[in-house]
Amino acid sequence: MTSQDPTNPSPFDAEPRFDSVEELRTALRNVDYLSDEGIAGIVYLADRLGKPILVEGPAGTGKTQLAKSVAEVLGARLIRLQCYEGLDESKALYEWNYKKQLLRIQATKSDTEGQNWDEIEDDIFSDEFLLERPLLEAIRATDPVVLLIDEVDRVEVETEALLLEILSDYQVSIPELGTITARQIPMVFLTSNNTRELSEALKRRCLYLHVDYPDMEREKEIVLTKVPGLTESLADQIARVVRSIRQLELKKAPSVSETIDWARTLVLLGVEQIDAETATGTVNILLKYQSDIQKVVKEFAAEQKSFSRGGILSPEA
Amino acid sequence: MAEASDLAGESLLELLAGFIVELRQAGLPVSLTENLDAMEAVQYIPLGDREAFKYALAATLVKNHSHWRAFETVFEVYFSLRGAEWSLDPDASDFVDPDEDQSQAPEGAGEGQQAQGGSGDSLTPEELAEMLYKSLMHGDQSMMRAMARQSVRRYAGMEPGRPVGGTYYLYRTMRNLNLEGMLERLMEQAQEDSPEPLTPLEERLERDEYENRIDSFKKEIESEIRRRLVADRGVEAMAKTLRKPLPEDIDFMHASRDEMVQLRKALQPLTRRLAIRLARKRKHGRKGALDFRNTVRHSLSYGGVPAEPKFKYPRPSKPEIFVIADISGSVAAFARFTLHLVYAISGQFSRVRSFVFIDGIDEVTRFFEGTDDILDAISRVNSEADVIWVDGHSDYGHAFEVFWERYGQDISSKTTVIILGDARNNYHASQNWVIKEIRNKARHVWWLNPEPKAYWDTGDSIVGEYATYCDGAFECRNLRQLERFVDNLV
Numbered sequence: 001m002t003s004q005d006p007t008n009p010s011p012f013d014a015e016p017r018f019d020s021v022e023e024l025r026t027a028l029r030n031v032d033y034l035s036d037e038g039i040a041g042i043v044y045l046a047d048r049l050g051k052p053i054l055v056e057g058p059a060g061t062g063k064t065q066l067a068k069s070v071a072e073v074l075g076a077r078l079i080r081l082q083c084y085e086g087l088d089e090s091k092a093l094y095e096w097n098y099k100k101q102l103l104r105i106q107a108t109k110s111d112t113e114g115q116n117w118d119e120i121e122d123d124i125f126s127d128e129f130l131l132e133r134p135l136l137e138a139i140r141a142t143d144p145v146v147l148l149i150d151e152v153d154r155v156e157v158e159t160e161a162l163l164l165e166i167l168s169d170y171q172v173s174i175p176e177l178g179t180i181t182a183r184q185i186p187m188v189f190l191t192s193n194n195t196r197e198l199s200e201a202l203k204r205r206c207l208y209l210h211v212d213y214p215d216m217e218r219e220k221e222i223v224l225t226k227v228p229g230l231t232e233s234l235a236d237q238i239a240r241v242v243r244s245i246r247q248l249e250l251k252k253a254p255s256v257s258e259t260i261d262w263a264r265t266l267v268l269l270g271v272e273q274i275d276a277e278t279a280t281g282t283v284n285i286l287l288k289y290q291s292d293i294q295k296v297v298k299e300f301a302a303e304q305k306s307f308s309r310g311g312i313l314s315p316e317a
Numbered sequence: 318m319a320e321a322s323d324l325a326g327e328s329l330l331e332l333l334a335g336f337i338v339e340l341r342q343a344g345l346p347v348s349l350t351e352n353l354d355a356m357e358a359v360q361y362i363p364l365g366d367r368e369a370f371k372y373a374l375a376a377t378l379v380k381n382h383s384h385w386r387a388f389e390t391v392f393e394v395y396f397s398l399r400g401a402e403w404s405l406d407p408d409a410s411d412f413v414d415p416d417e418d419q420s421q422a423p424e425g426a427g428e429g430q431q432a433q434g435g436s437g438d439s440l441t442p443e444e445l446a447e448m449l450y451k452s453l454m455h456g457d458q459s460m461m462r463a464m465a466r467q468s469v470r471r472y473a474g475m476e477p478g479r480p481v482g483g484t485y486y487l488y489r490t491m492r493n494l495n496l497e498g499m500l501e502r503l504m505e506q507a508q509e510d511s512p513e514p515l516t517p518l519e520e521r522l523e524r525d526e527y528e529n530r531i532d533s534f535k536k537e538i539e540s541e542i543r544r545r546l547v548a549d550r551g552v553e554a555m556a557k558t559l560r561k562p563l564p565e566d567i568d569f570m571h572a573s574r575d576e577m578v579q580l581r582k583a584l585q586p587l588t589r590r591l592a593i594r595l596a597r598k599r600k601h602g603r604k605g606a607l608d609f610r611n612t613v614r615h616s617l618s619y620g621g622v623p624a625e626p627k628f629k630y631p632r633p634s635k636p637e638i639f640v641i642a643d644i645s646g647s648v649a650a651f652a653r654f655t656l657h658l659v660y661a662i663s664g665q666f667s668r669v670r671s672f673v674f675i676d677g678i679d680e681v682t683r684f685f686e687g688t689d690d691i692l693d694a695i696s697r698v699n700s701e702a703d704v705i706w707v708d709g710h711s712d713y714g715h716a717f718e719v720f721w722e723r724y725g726q727d728i729s730s731k732t733t734v735i736i737l738g739d740a741r742n743n744y745h746a747s748q749n750w751v752i753k754e755i756r757n758k759a760r761h762v763w764w765l766n767p768e769p770k771a772y773w774d775t776g777d778s779i780v781g782e783y784a785t786y787c788d789g790a791f792e793c794r795n796l797r798q799l800e801r802f803v804d805n806l807v
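Residue numbers (our numbering), protein chains in the order written: chain X, 1 to 317; chain Z, 318 to 807.
Keep in mind that the hints are not guaranteed to be accurate.
[Claimed, not checked] Computed cross-link-like contacts, DMTMM-like style, restricted to lysine to aspartate or glutamate with a CA-CA straight-line distance of at most 20 angstroms:
{"no.": "1", "chain 1": "X", "residue 1": "Lys252", "chain 2": "Z", "residue 2": "Asp693"}
{"no.": "2", "chain 1": "Z", "residue 1": "Lys582", "chain 2": "X", "residue 2": "Asp36"}
{"no.": "3", "chain 1": "Z", "residue 1": "Lys371", "chain 2": "Z", "residue 2": "Glu331"}
{"no.": "4", "chain 1": "Z", "residue 1": "Lys371", "chain 2": "X", "residue 2": "Glu37"}
{"no.": "5", "chain 1": "Z", "residue 1": "Lys371", "chain 2": "X", "residue 2": "Asp36"}
{"no.": "6", "chain 1": "X", "residue 1": "Lys295", "chain 2": "Z", "residue 2": "Glu331"}
{"no.": "7", "chain 1": "Z", "residue 1": "Lys582", "chain 2": "X", "residue 2": "Glu37"}
[Unchecked claim] Quick look at which bits of chain Z chain X covers, simulated, 3 or more residues with Cβ under 8 angstroms:
{"no.": "8", "stretch": "353-362"}
{"no.": "9", "stretch": "369-375"}
{"no.": "10", "stretch": "520-528"}
{"no.": "11", "stretch": "651-659"}
Treat the hints as calculated values from the structure; they're not laboratory data. For each residue, glycine too, the CB sits at the ideal point set by N, CA and C.
Throw the hints in and build the complete structure from the sequences for me.
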């Protein structure tokens, strides 16, 4: 709504980056990212609304890759802020170049004895002594950029507050310098593995995108584009086996990247048809927990009757 | 919004407002900003595109994946199921429903909508079943949808104004369709079609595929029934009947099997969060006591003035947790959940000991250690734990007494004791001195009660007698309350 206001400064009225959802989808496909309509649609909306996207979902479903691919499509520079516990202002936003400031003061002292202190102070808190960190860098960039704030759930709740100003107003306030407003609205992606609930304030400022494991058709396509030399029928089998495995109750279900690794392995081994033996022999590429592996091996070798998961078909289930 | 507010826009706005009110009623926290965002977002998408409309609303309004289901239901009721064609009144059905037409000609399957033929009602049940079988065989979505409509029409026996729930109709429809039998038939067919006998793996994959199709068919039936109910009862009334608690509001005591699965999924992140929070507390906690020696040593650089006080590093505490859970019949559903909780906790902390009781008490730590299969652990607890002393009716007093005797000496100042139960003691002696003793030795004693607070201390519930000696007794009926407890804990 605010973007409709004609008196608002220019960054909010920038040209939209994509003409239609379809166009975006094709463009993403051209850089080997197979999106579904929801993913492409939300990226498109985020661009139109000038809002960041909060991407959540299980590990290894291509959350970070989405940001990278969008950057590639736009020909933009990707600025990445990897979050971790203990991340603070000086690592995320900006820092004063303290050593340079010291040098400057000392240089002044030896040159002109008794220079006005105010002048020096103005001087050492100027742009020259400011060290840009990713968030500020993204705001001040003049070339097209995509900002990726990775694994935002790793920072403490208090640190989250650092992001709020930038996410809603695209500006950074530096006490000594004033407020720095964005020259353009960058595309912003935040990813989260959902290890903790993010604060309401943060969520409110973002569009929400949940990326789940792809359905069978899409996974098959992904594998086909990512793994050269894979036959259509093998890809189909791979997707089906992976889907079956995901239906089991496991500690960690196989991610898309693991599916791709598995497909690569099968191609290297020259497998054309997945039988139980190949599946159990290479399943350790898909699964990383011994107990999961044992479970799958057991399931795949078992006799027919024990498969029926039961329940889903009975009317009252 | 100004450009979009032609006549259609006006009514759309109204519809959206109603939609958002219903979302809030269902418990989703939709803020004003998000509301405005949604209104702005729908300008940028083609209104005819229902899918686009849906994700535009979802992206702006739903910020938690566990709320997705609730959102979807409300969306379906508000935006998918409108129009006269869903009317239950048979006289009004002069219009030609293209999908239904298609279902009437088996040959027309999947060939689009040019198929035509007599009335679908003239099919015999056998023919109908045959067509359903075919559509499942080929995984033909539009055909399956048509079959779902036809079966609901035929079997559900829906009449306008009849005051029964959707589940009743669903049951009636499913009973007539015999989908179990359908699955077997499909599997047999798959066996015959393959040149050599199917290996177990192939069979497994085939079965998964068919089960998936049948699942999606079942969903079609459900939404068909809903559609018709909405037409009959109106949007608001229907949305209200369909309102289900969000995962965090599901009552442990009355959770259905489906809900239990949801709960279990939601529980994992919660315990992980608990562990993370405890770990963080350790790292960022207050400094320890004054380190006198260190302070004096540093005072030397200030000419002997202790200008810079030094503190000891806090010793990282390794919390030890004792979980004591009632698994008697009165809290059976809660107990099942409790065991999941115990399992999840023991995955996060190195020193967790768990005990279960009815009128006797037994330690069950060993069942949870070294197993990755929670269901296996639970069934072992149920079959092997020695929890019955006399008659298998809860006796908190006796259980606590035995606990004190056997395990009391293991409680130290590092131990946090969590007791889970409704304290319905069947009028036995409370023996609450045990709790008092435990409290004296342990760091904390918490009591989690799955009963609503209003029922506490009514009938044979004596939670008050125990609570006096606990650090706190909390009502813990759903994940939201459990979360609050976890937040308070550290």
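Cross-check of the supplied hints:
no.	hint	result
1	X/Lys252 / Z/Asp693	18 angstroms, holds
2	Z/Lys582 / X/Asp36	25 angstroms, violated
3	Z/Lys371 / Z/Glu331	17 angstroms, holds
4	Z/Lys371 / X/Glu37	11 angstroms, holds
5	Z/Lys371 / X/Asp36	14 angstroms, holds
6	X/Lys295 / Z/Glu331	52 angstroms, violated
7	Z/Lys582 / X/Glu37	27 angstroms, violated
8	353-362	holds (count 7)
9	369-375	holds (count 4)
10	520-528	holds (count 7)
11	651-659	violated (count 0)
Checked against the numbered hints listed earlier, the structure breaks hints 2, 6, 7 and 11; every other hint is satisfied.
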